[in-house]
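What follows is each chain in one-letter form.
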Amino acid sequence: MDDGEPLPSYEGIAAQFAAAKAAKETEEASGLRARVKDPKVEAKKGEVHFKALHGIVVAFLTLILILHVLGIYLFMSGFLLTRLVLESKSECAVPPIDISSSYTTPGSYDTGCWHPKTFDKAIVIIVDALRYDFTVPFTPVGEEKAHHFHNAIPVLYETAQKHPNKAFLRPFIADPPTTTLQRLKGLTTGTLPTFLDAGSNFAGTAIDEDNLVAQLRNASKKIVQLGDDTWHALFPGYFEPNLTHAYDSFNVWDLHTVDNGVTEHIFPLLHPTNTSKWDVIFGHYLGVDHAGHRYGPDHPAMAAKLNQMDDVFRKMIDQLDDSTLLVVMGDHGMDAKGDHGGESDDEIQAALWMYSKQGLFGRTSPAYITPPANAKERPVAQIDLVPTLSLLLGMPIPFNNLGAPIEEAFIGAKGVNFENLAVVNRLTASQIHRYQESYAQAQSSNTKDHAHSLSLWASANDAWKPVQAAKKANSDQWKSAFAAYAAYQTETLRVCRALWASFDVPRMLNGVLILTMTLVVLAVYARGLDGDHAELAPPLLMRGALGIVLGGLLGFGSTFAVPALPWDHTTTFGSAIGGVLGVASAYWYIRRRIQSLLPTTVWGWTSVLFTVALSGGFAANSFTIWEDEILLHFLTTFGVLLTVSSLRQKNAADGALGCYHSVLFILLARLASFSRLCREEQMPYCKSTYYASATSSTSAPWQLLIPVAVAFLLPHLIRTYYDNTLSYQGSAVTWLGFALRFGLLLSAAYWTLDAADDGDWYPDYTSIIKTTKQYLAILTLAMAVAFGYPTFNWAKAHLVIQTTAVGSEQASSQIVEESGSSSITVLGFANVHGSRYALLITIWTLLVSLVEKPMGAGAISLATFQIFSLLEIIDTNKLSDTPVGPVVLGLLGSFHFFKTGHQATLSSIQWEAAFIPLRTIRYPWSPLLVILNFLGAQVLCAVAVPATALWKQHPKKKGLLGHVAKAVATHILFYAVINLATTMWAGHLRRHLMLYRIFSPRFMLGAMALVVVDVVAIFIALGGTRVSFLSVAEVFGWS
Amino acid sequence: MSVQINTPGSKPKAPATPIETSHNDAAKTFTHIHPILVLSLYAYKFPSIVADPVNALMESLVWLGILQIAYVAVCLPPTGSANVVAEKRKPGERKRAVAGKLERELGGKIIPAFLSLTLSVLPAIPILFATLVLFGAPITTHYFETLLCAAHISLLAILPLVYVHGVDGERWREIVALLLPVDSVFGGMVGAFVGAWLGAVPIPLDW
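Each protein sequence line maps, in turn, to chains A and B. Residue 1 is where the first sequence starts when you use UniProt numbering, and the numbers rise one by one after that. Residue 1 is where the second sequence starts when you use UniProt numbering, and the numbers rise one by one after that.
No lab work stands behind these hints: they were computed from the structure. Be a bit skeptical, because a hint or two may be false.
[Said to hold, decoys possible] Derived DEER-like restraints, expressed as beta-carbon distance ranges: (1) Ile778(A) x Val176(B): 20 to 30 Å; (2) Leu928(A) x Val190(B): 45 to 55 Å; (3) Pro18(B) x Thr600(A): 26 to 36 Å; (4) Ile66(B) x His716(A): 48 to 58 Å; (5) Thr601(A) x Thr118(B): 39 to 49 Å; (6) Leu205(B) x Ala219(A): 36 to 46 Å; (7) Val176(B) x Lys44(A): 48 to 58 Å; (8) Asp345(A) x Pro35(B): 42 to 52 Å; (9) Pro181(B) x Thr600(A): 33 to 43 Å; (10) Gly142(A) x Pro35(B): 42 to 52 Å; (11) Pro18(B) x Val1015(A): 51 to 61 Å; (12) Pro35(B) x Thr720(A): 42 to 52 Å.
Keep in mind the model is a prediction, meaning the values are calculated, not measured. Think of the CB as a built atom: it goes at the ideal place given N, C-alpha and C, for glycine as much as any other residue.
With the hints as constraints, model all of the structure from the sequences given.
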């Protein structure tokens, strides 16, 4: 400081303060000045100072959170696919191409708009998640035995085989994402989904594009909808209000309400007296899907459900009249556990069955009469339904359609009417061509991509000319025309699939830039500051906040100068960059306190190395798939390094204790690793143990014992960590000894009742069980929130003051004053801060345990046990100032994410967690419960972070708040690195085959984990620190 | 990591010094040939290890055992003699001593080498096996593979250490705590473990 350079004012003030304080202390020591003025005033001052500083630290880290959100938003808005939505609609009177001369009355809804219609009425039934292999007879391969889902709904296959002219059955391939809302869009518009909509499953929005339902309404058809209410979100006000009955679609625990409702209302409509009341019925059964979510496909409940569907369709066939078309289909399949959302084969392979008593369906080859044995043979795309239904019902083909007519429906009963097939394919292809032209106009797209499809269009028209010219064209000529138009459709679809995976690269790059700069700013704060991290926060906050506001204004203002720029992009980018620059300028201001970011210790290097190694691995799909095993490997490695370090300790007792806890940490990690839920890509090298079997999503009876064991063991084990320092006093006894155990027992009881409900153990008491388990869940939550939190808030520090005779055996570290024959012993003195704060960890253990399945409760309790061991290791190895604690907690949280039955896939989200304490969806609680279930492990570990800086620290240690801030910032830094890496890889590998299956879900997990950990670490963990510090200061005063 | 801490306790113990390879031509040559031999053994065996791990590893274990015994017997001073400074002989004396020395070495070195083999293999294999499992090796399947892997590591890393350091508990605490000075034996152990760790990295790859 004495290099002659003028000190910045902030530094000057700090220096002056230090000097004045030193002078005061010297004066006090030499008796020149009274020791304290007024203890009460001093205490009040200290408290105000602490509260202000704490508030500023929270505000600064919130600034970092805002920067993270801005960066993620900008990247996502460019990354999640966008497709231009054209508002154009097809019109009945305006065919896409000259109508062939054989059709004499085009343009009329009565006879058919572009093509003569075949049916007046249609019943379209969606059996949600009807996978193709459910519908075909099971043929054993090797030793395999029939599962519950096999041979349970034979009606579709039977009719297609016995009456090929009346019915056909084909595999029906969905375009991912395989969520119901996205599928309904595809099934009605005939176009490809974009990823952006996948996230809006909780609240669907109306379809703006041209679609089949809108066309039917335009034609004044009376449309009835029964079942899943997602339809109403997509087509508000389209349906006959008197006849339509919609049901809540998200209560996956309820297998029957929707199905019984649909059945109850659909059969009266089939009665001849009622058939004039409607033209098209859309029925949507949800039972199969819910049975899958709740039990998995291989469960008696699934067989029962499929049998029920079988009966329904047999009955429907009986009652159907001749002019009505019956269509039954699945909107998607389900994976081995009964979930869906992704793009694995099992999820996209649904079934399509059409039936009519007119007997006009045919096959182009006799070999096709037997329906395909599996979904790999002769599949049709789900979008093909749109032109097929449109033409059969005499509607114009929706403007955006990309599908092709399904040949069985147009080839005629004898299977030789290639003329009709060629005509409908020509119509469809022409509409696609018209659509492509307007799309190219709307978005000045590159014609090079379309060159091939355009040449196919030209050659198809060439093939058409001879058949048009010839009076009576022969079958081969029709065949080649059909093939040419079909080739054009296939090629265009392929091009569109590739093109609409088009990304807004500038947005993505800007998002990555923001995340990178925020990472640097955060890294400097976490590891590059010399001195008290709390005391340094005010200037960072001031300038950062100013930067965000100014940058945001500048960004928003620039849209007035250059109107072509989208305002959300410029404002987001401007404010984020402004914020980063603001904080950077503050760093320049306090540059004397900045030190090199390069680690100086072995532990620093190890922490960096492992974080970077994990992040680098996300560039490879194999390392992403096997992340759970890699985390185990890393955690064990850390455990071994900590064992080695413990053996190097000079103090033998510390060394032994450290060794014991390190080995314990390793053993617990390996024990937890037995809880696995495999993702599809890990097969066949992985065996799921999270549920009763690989094809179920219910717990095995023995797993119900896990929460009970946890309730009895965990409070006791935590207690041993309090006993070490004689901190098991006061509220610790009430909470750990009684309330926590009681809460965990309640949670165990909840899961037992839940299993009883699932398994129908007591069919007579179902409603009592349902009500009771709900109350148990609410009671457990109350135990944690309404009892645990107040206990934590108002507890005194865990201390007891004893006066004992000198020489009695007491831990010497507890003695604070010795005089003459007696000494004052403060029991619990050695770990005042740690024992006080750690109560919060256990409160969150209880909360997370409740929302995880029984196996997950076991994993969470192991995680808690590991957290306490880690705290001891950090203390005995004197690592509280190193990044080891926060980084290992990051690894631990990520590890237990997998051990609580999750994977980085959409289908592993346990939506049913929303219904643990509630019966219906309620905002904001339902999403919060799902998040707590999904990221429970990360949340728990984030709550534990301040404890790494507080465990067994001296109550009056200076700058302790700064240490906590440093630890929290380091923990956030870990997730920020992972998030940045997964973001960059997802952006870089955006054309990779595995993007949607692997990289995109991992990116979404990384982003979500970062934001949730930010919120938890800042508000819950630092909030808890405030409470804990205030109560410790009540006893020891402010230093 | 290079900080040395003297062992605490009442009895003062000689701080560990680097192990030097024996001062004779055979030792000096073999200490360089040995790693080449071990590496070529694995290179030669690699295709069959991939094709049929259990049998191939079983076979290579025997060869590795022979190589390691030869290495320690020829190149390293057995436990207890580590600090004995090699007698300085005049250049002329060397040749005459050879015949008698070989006989002495048979008794003085081969036996400790076999002893080390037993002592390293018997307790080390279960410990290493457990370690491998803790690092994520499967526990219900592939245990022969894991067991053989543990055996190979123990021959590569533990046998020479037992040979030169014996089974002194305090010395072994120093070894685990990485407090020994880096010499060819200790460095060999660290290398074997780091190599095993890195060898686990490509496991998830599917190509």
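Status of the hints after comparison with the structure:
no. : hint                              : in the structure
1   : Ile778(A) x Val176(B): 20 to 30 Å : violated, 51 Å
2   : Leu928(A) x Val190(B): 45 to 55 Å : holds, 49 Å
3   : Pro18(B) x Thr600(A): 26 to 36 Å  : holds, 27 Å
4   : Ile66(B) x His716(A): 48 to 58 Å  : holds, 53 Å
5   : Thr601(A) x Thr118(B): 39 to 49 Å : holds, 40 Å
6   : Leu205(B) x Ala219(A): 36 to 46 Å : violated, 57 Å
7   : Val176(B) x Lys44(A): 48 to 58 Å  : holds, 53 Å
8   : Asp345(A) x Pro35(B): 42 to 52 Å  : holds, 49 Å
9   : Pro181(B) x Thr600(A): 33 to 43 Å : violated, 23 Å
10  : Gly142(A) x Pro35(B): 42 to 52 Å  : holds, 48 Å
11  : Pro18(B) x Val1015(A): 51 to 61 Å : holds, 54 Å
12  : Pro35(B) x Thr720(A): 42 to 52 Å  : holds, 48 Å
In this structure, the hints that do not hold are numbers 1, 6 and 9, in rising order.
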